[in-house]
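Each protein sequence line maps, in turn, to chains A and B. Numbering-wise (my numbering), the first sequence opens with residue 82 and increments by one. Numbering-wise (my numbering), the second sequence opens with residue 82 and increments by one.
Only true hints are included.
One copy or two, it doesn't matter: identical chains are merged, so the pair holds either way.
Using 20 Å as the maximum straight-line C-alpha spacing, the simulated SDA-like pairs for lysine to any residue come out as follows:
#, residue 1, residue 2
1, K497, A211
2, K252, Q163
3, K171, P238
4, K594, R240
5, K149, S451
6, K341, K375
7, K146, Q297
8, K603, F178
9, K252, Q170
10, K252, A162
11, K603, E180
12, K484, D225
13, K382, Q347
14, K594, P238
15, K146, E296
Hints were generated in silico from the structure; no laboratory data involved.
Spelled out from the first residue to the last, the chains are:
Protein chains: 2
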Amino acid sequence: MRRFVADRARRAAAASLRAATRSGAPSAGRPSPPPSPAAAAAAMASAMVRAMSTAPVSLDTINPKVLKCEYAVRGEIVTHAQNLQQELQKNPESLPFDEILYCNIGNPQSLGQQPVTFFREVLSLCDHPALLDKSETHALYSSDAIERAWQILDKIPGRATGAYSHSQGIKGLRDEIAAGIAARDGFHASGDNIFLTDGASPAVHMMMQLLIRSEQDGILCPIPQYPLYSASIALHGGSLVPYFLDEETGWGLEVDELKKQLEEAQSKGITVRALVVINPGNPTGQVLAEENQKKIVEFCKNEGLVLLADEVYQENIYVEDKQFHSFKKIARSMGYTDDDLPLVSFQSVSKGYYGECGKRGGYMEVTGFSADVREQIYKVASVNLCSNVSGQILASLIMNPPKAGDESYESFMVEKDGILSSLARRAKALEEAFNSLEGITCNKAEGAMYLFPRIHLPQKAIGAAQAAGTVPDAYYARRLLEATGIVVVPGSGFGQVPGTWHFRCTILPQEDKIPAIISKFKEFHEKFMDEYRD
Amino acid sequence: MRRFVADRARRAAAASLRAATRSGAPSAGRPSPPPSPAAAAAAMASAMVRAMSTAPVSLDTINPKVLKCEYAVRGEIVTHAQNLQQELQKNPESLPFDEILYCNIGNPQSLGQQPVTFFREVLSLCDHPALLDKSETHALYSSDAIERAWQILDKIPGRATGAYSHSQGIKGLRDEIAAGIAARDGFHASGDNIFLTDGASPAVHMMMQLLIRSEQDGILCPIPQYPLYSASIALHGGSLVPYFLDEETGWGLEVDELKKQLEEAQSKGITVRALVVINPGNPTGQVLAEENQKKIVEFCKNEGLVLLADEVYQENIYVEDKQFHSFKKIARSMGYTDDDLPLVSFQSVSKGYYGECGKRGGYMEVTGFSADVREQIYKVASVNLCSNVSGQILASLIMNPPKAGDESYESFMVEKDGILSSLARRAKALEEAFNSLEGITCNKAEGAMYLFPRIHLPQKAIGAAQAAGTVPDAYYARRLLEATGIVVVPGSGFGQVPGTWHFRCTILPQEDKIPAIISKFKEFHEKFMDEYRD
Numbered sequence: 082m083r084r085f086v087a088d089r090a091r092r093a094a095a096a097s098l099r100a101a102t103r104s105g106a107p108s109a110g111r112p113s114p115p116p117s118p119a120a121a122a123a124a125m126a127s128a129m130v131r132a133m134s135t136a137p138v139s140l141d142t143i144n145p146k147v148l149k150c151e152y153a154v155r156g157e158i159v160t161h162a163q164n165l166q167q168e169l170q171k172n173p174e175s176l177p178f179d180e181i182l183y184c185n186i187g188n189p190q191s192l193g194q195q196p197v198t199f200f201r202e203v204l205s206l207c208d209h210p211a212l213l214d215k216s217e218t219h220a221l222y223s224s225d226a227i228e229r230a231w232q233i234l235d236k237i238p239g240r241a242t243g244a245y246s247h248s249q250g251i252k253g254l255r256d257e258i259a260a261g262i263a264a265r266d267g268f269h270a271s272g273d274n275i276f277l278t279d280g281a282s283p284a285v286h287m288m289m290q291l292l293i294r295s296e297q298d299g300i301l302c303p304i305p306q307y308p309l310y311s312a313s314i315a316l317h318g319g320s321l322v323p324y325f326l327d328e329e330t331g332w333g334l335e336v337d338e339l340k341k342q343l344e345e346a347q348s349k350g351i352t353v354r355a356l357v358v359i360n361p362g363n364p365t366g367q368v369l370a371e372e373n374q375k376k377i378v379e380f381c382k383n384e385g386l387v388l389l390a391d392e393v394y395q396e397n398i399y400v401e402d403k404q405f406h407s408f409k410k411i412a413r414s415m416g417y418t419d420d421d422l423p424l425v426s427f428q429s430v431s432k433g434y435y436g437e438c439g440k441r442g443g444y445m446e447v448t449g450f451s452a453d454v455r456e457q458i459y460k461v462a463s464v465n466l467c468s469n470v471s472g473q474i475l476a477s478l479i480m481n482p483p484k485a486g487d488e489s490y491e492s493f494m495v496e497k498d499g500i501l502s503s504l505a506r507r508a509k510a511l512e513e514a515f516n517s518l519e520g521i522t523c524n525k526a527e528g529a530m531y532l533f534p535r536i537h538l539p540q541k542a543i544g545a546a547q548a549a550g551t552v553p554d555a556y557y558a559r560r561l562l563e564a565t566g567i568v569v570v571p572g573s574g575f576g577q578v579p580g581t582w583h584f585r586c587t588i589l590p591q592e593d594k595i596p597a598i599i600s601k602f603k604e605f606h607e608k609f610m611d612e613y614r615d
Numbered sequence: 082m083r084r085f086v087a088d089r090a091r092r093a094a095a096a097s098l099r100a101a102t103r104s105g106a107p108s109a110g111r112p113s114p115p116p117s118p119a120a121a122a123a124a125m126a127s128a129m130v131r132a133m134s135t136a137p138v139s140l141d142t143i144n145p146k147v148l149k150c151e152y153a154v155r156g157e158i159v160t161h162a163q164n165l166q167q168e169l170q171k172n173p174e175s176l177p178f179d180e181i182l183y184c185n186i187g188n189p190q191s192l193g194q195q196p197v198t199f200f201r202e203v204l205s206l207c208d209h210p211a212l213l214d215k216s217e218t219h220a221l222y223s224s225d226a227i228e229r230a231w232q233i234l235d236k237i238p239g240r241a242t243g244a245y246s247h248s249q250g251i252k253g254l255r256d257e258i259a260a261g262i263a264a265r266d267g268f269h270a271s272g273d274n275i276f277l278t279d280g281a282s283p284a285v286h287m288m289m290q291l292l293i294r295s296e297q298d299g300i301l302c303p304i305p306q307y308p309l310y311s312a313s314i315a316l317h318g319g320s321l322v323p324y325f326l327d328e329e330t331g332w333g334l335e336v337d338e339l340k341k342q343l344e345e346a347q348s349k350g351i352t353v354r355a356l357v358v359i360n361p362g363n364p365t366g367q368v369l370a371e372e373n374q375k376k377i378v379e380f381c382k383n384e385g386l387v388l389l390a391d392e393v394y395q396e397n398i399y400v401e402d403k404q405f406h407s408f409k410k411i412a413r414s415m416g417y418t419d420d421d422l423p424l425v426s427f428q429s430v431s432k433g434y435y436g437e438c439g440k441r442g443g444y445m446e447v448t449g450f451s452a453d454v455r456e457q458i459y460k461v462a463s464v465n466l467c468s469n470v471s472g473q474i475l476a477s478l479i480m481n482p483p484k485a486g487d488e489s490y491e492s493f494m495v496e497k498d499g500i501l502s503s504l505a506r507r508a509k510a511l512e513e514a515f516n517s518l519e520g521i522t523c524n525k526a527e528g529a530m531y532l533f534p535r536i537h538l539p540q541k542a543i544g545a546a547q548a549a550g551t552v553p554d555a556y557y558a559r560r561l562l563e564a565t566g567i568v569v570v571p572g573s574g575f576g577q578v579p580g581t582w583h584f585r586c587t588i589l590p591q592e593d594k595i596p597a598i599i600s601k602f603k604e605f606h607e608k609f610m611d612e613y614r615d
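Based on the sequences and whatever the hints tell you, model everything.
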């Protein structure tokens, strides 16, 4: 089995750092030598071996699973960017740019995307139901938002939006979500199978917590992957079993590769419990073909794996020849029922065209588990009482948006189509720009919110990174940040084929900023290549 | 060390059930023989020993920590109540009562408490900031709510309430909360030490996850305790080290008892990492005296324990001679600084006079940890990105409510005082009612939202419970529910001195319902005693 590549990179980098330190080599002569992930790992290692601290809590006495967990999307580069932003505020002339452009995270509204009006009208009314009785309200809110708010309140026992709900979420809202799923897929869905959660992340944690008993339990994850998965598996003490997406075929997911990695893990005594598939892909942006999805379902069925389907980008598709199909729809269309296959689909209000990250709404649809296991999931959900009710309401709205004939329908469609078509244009512009550069190749973003270009770094740049005690893609990302204010996440935070280097860049900056970003990026990259070309 | 009593009760009950099954004893002749916690435990045990299931996921292949976790507040009695409620809806004449009265959980708005107007106005405006530019808005919202919404939006980068925030929460809101803490305590507080969370529960989980490495790590918890603690410790694989509150002295917390239990745990090879104190107490309702708190701080300092202070009921005090003092205030008043003592205070928007459970807002103030450990807490917070922004806003509002001179101040104070004085009256009425009954003794609710009466059950009732395969207090609670529709939680869900039996009942039903609840309760209890009196 190929080792989990981020681990390998970290170890290699830490070794270089130690070597560099031993030989007295100076750190690279760039501004602010980076306290890289590798340096942090080395510091951590030294903390682990130093004598037991006398403090009640120190790095050598906390849960080692917490130490092991990594989350690059808000890692060291982002912290550095936040510091630079503070510097800019204090002294606007101190840096070679005038703003930080956060392309590290799928957070559309932080970059100026406006919320969808209808959704916010309904939330605002549900937060202050007293408004519904006042005639002045009609001057401020659309009539279908008022009507929808009434409908939602009628689904909440006692109309109490400030009460803890049922542990799975408000039943009427779950039923509405299930109806939305059924309409999307053409197959039955039940509100009893919906667990509303504070975004998709807690739902992923719940499933990992349920399935992972020890390091001997493995979860098949794509490489590159969204680091929530590696972090959650680390926190729950399991083993990430990587399968590699094929960059050459547009980040293709091959069942032969799944099978090979499964068998290799089994040969090492790992019990593989589940397969994570992210579709559309994060960070890779591919959209799976229906035939491919069928093979994946078949594989899970044959191997007795839980299929964990991350489908949070289901509304984000930018190419004409691809469509989103949920794995549940695929499984049902193959004739598999609830009895055949445990399948969990994750959805979130943070993504799509709405991008409501701050609302922390989401759900998982849980099918194919026995009643007694379902009860255990319910119990764990109950320990945290319920997810936030505004997020629950919003999750019901995204699965049941305004329909033709509703007062808000036309303006809603203008907002929705405007956002999605702009995202498609931005994805294309950035992809073409990356592909126009020396030593960069970039697959198309068919969906999701990211590009994941490969950088073919000159040997000299790799050497400079090693001298700076960091991995090459982190070195590149840091140099980019310090030259342009653009924040991307090094590929090593997601995993990549050893010896290849990438970065993840969102397509989310507002469209009028894209030309400037592209020209800044080009200028940086050309200078970087001039500096390091072999 | 006394065993963790809930465990003991469960084992004992399971043993009785097995004995009952062996001897062919019929289940109690009451309506709907209860599938009690004990029966569920027995079913679980049998599931664990039966042959490996062929399904990918079954009770014998999930994480045993999940199986072990229990959470009585939404346990079997509540599920039974939900089923009865559905029955009532279908056939209103089918049961001897016409509504279910949920006294199982501190969920004020589910029982008719109205939200505080000012807080909801601000949330409603922040959810739909476009309102702030419209003149009609002044007809619907108070001017200070509008002003506050502007102030809050100015604290949010890009005024984007739909964006992921900083992993600890929006900096400006954290600073506002810190200012509120400083005003409350008279000691400095910093926004850098605040971690905003989706209610207090995820904050408790984060600390347990950080501190617990294995079963050899113990957390000192009060018995009775709020079962979030036992559940979280079970889920993270640690050991709950119980210390018993003294019912005779109004649920007194004695440092001698802490010391005894600590030493007993240590003698068994347990490393005790932290002490949980719930003040005001849940389920016990006591408010700690300042002198007592000082001794607790001293104990933690001397023993090198993290002090985990559950202070979510800090606004709920109902007696003139007691006051809330935060543990941080106590520690600082003793001269201890950030360097002396790791201390975490949990707060929530769900409790207090506001009772905004559905909003899932809360925070923890983390002091006395080294920078490198703090970074690990930050990293774990980052994996889930951030807590919901409406909850963050509400947490800032409860720590900075309207002040004298603000337009809303008077009506706000009427709402606040109305709720708190009514809660005090309800607590007193229920306590007196319980104490008037044969075989029930009940300490005063000095604070929080609960009474935890002791029921001195006749031997015959205990026998009936055993015959029904359940523990006596669960049997009593089930009979109460089936006779009156009143839902309380058996004491065994919180832990209690072995051989004693209790239940937890909230003081939250609206005041006009209290007399009917009391008379229903009395009638049930008297009949129960007539049936079982020895």
